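J.: Going by full-length UniProt numbering, the letters in the sequence shown line up with residues 1 to 69, in that order.
Calculated from the structure, these hints are not laboratory results. The structure displayed is predicted, hence computed values, not measured ones. One or more hints might be untrue.
Estimated spans, in silico, between C-beta atoms of each pair [what the hints assert, rightly or not]:
| hint | residue 1 | residue 2 | range |
| --- | --- | --- | --- |
| 1 | Asp16 | Asn55 | 29 to 37 Å |
| 2 | Arg31 | Glu54 | 14 to 22 Å |
| 3 | Met11 | Asp52 | 17 to 25 Å |
| 4 | Met11 | Asn55 | 15 to 23 Å |
| 5 | Arg17 | Asn55 | 28 to 36 Å |
| 6 | Ala56 | Asp16 | 18 to 26 Å |
| 7 | Ala51 | Asp16 | 25 to 33 Å |
| 8 | Ala20 | Arg53 | 30 to 38 Å |
| 9 | Asn55 | Ala20 | 32 to 40 Å |
| 10 | Arg53 | Val19 | 25 to 33 Å |
| 11 | Asn55 | Val19 | 27 to 35 Å |
| 12 | Asp16 | Asp52 | 29 to 37 Å |
| 13 | Ala20 | Ala56 | 18 to 26 Å |
Simulated crosslink set (EDC-like; lysine to aspartate or glutamate; CA at most 16 Å straight-line) [stated by the list, open to error]:
| hint | residue 1 | residue 2 |
| --- | --- | --- |
| 14 | Lys64 | Asp40 |
| 15 | Lys64 | Asp41 |
| 16 | Lys64 | Asp52 |
| 17 | Lys7 | Asp30 |
| 18 | Lys64 | Glu54 |
Glycine included, each C-beta is placed from N, C-alpha and C at the ideal position.
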Amino acid sequence: MHHTNHKVPFMVLAGDRDVAAGAVSFRFGDRTQINGVARDDAVAAIVAWIADRENAVPTAELVKVAGRE
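Whole structure, please, built from the sequences with the hints as guidance.
T.: Quick look at the structure:
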């Protein structure tokens, strides 16, 4: 695992397909991903994670994205 993965809980990426779809993808430190998340749903998921003051390392299994629970 790259040292950057220990500092950044998750990355939000927007590749060409994501941009065309108005979406983003989450990439987590454990190398799991959630792809094709609508931008508004991504913002809501990030805000919820922060508001919950979750102390766990985020993963695709732990982060709740609308329509994917």
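J.: Take the hints in turn and mark each one as holding or not.
T.: Status of the hints after comparison with the structure:
no.	hint	result
1	Asp16 - Asn55: 29 to 37 Å	holds (35 Å)
2	Arg31 - Glu54: 14 to 22 Å	holds (19 Å)
3	Met11 - Asp52: 17 to 25 Å	holds (20 Å)
4	Met11 - Asn55: 15 to 23 Å	holds (20 Å)
5	Arg17 - Asn55: 28 to 36 Å	holds (33 Å)
6	Ala56 - Asp16: 18 to 26 Å	violated (32 Å)
7	Ala51 - Asp16: 25 to 33 Å	holds (32 Å)
8	Ala20 - Arg53: 30 to 38 Å	holds (35 Å)
9	Asn55 - Ala20: 32 to 40 Å	holds (36 Å)
10	Arg53 - Val19: 25 to 33 Å	holds (32 Å)
11	Asn55 - Val19: 27 to 35 Å	holds (33 Å)
12	Asp16 - Asp52: 29 to 37 Å	holds (32 Å)
13	Ala20 - Ala56: 18 to 26 Å	violated (33 Å)
14	Lys64 - Asp40	holds (13 Å)
15	Lys64 - Asp41	holds (10 Å)
16	Lys64 - Asp52	holds (11 Å)
17	Lys7 - Asp30	holds (12 Å)
18	Lys64 - Glu54	holds (12 Å)
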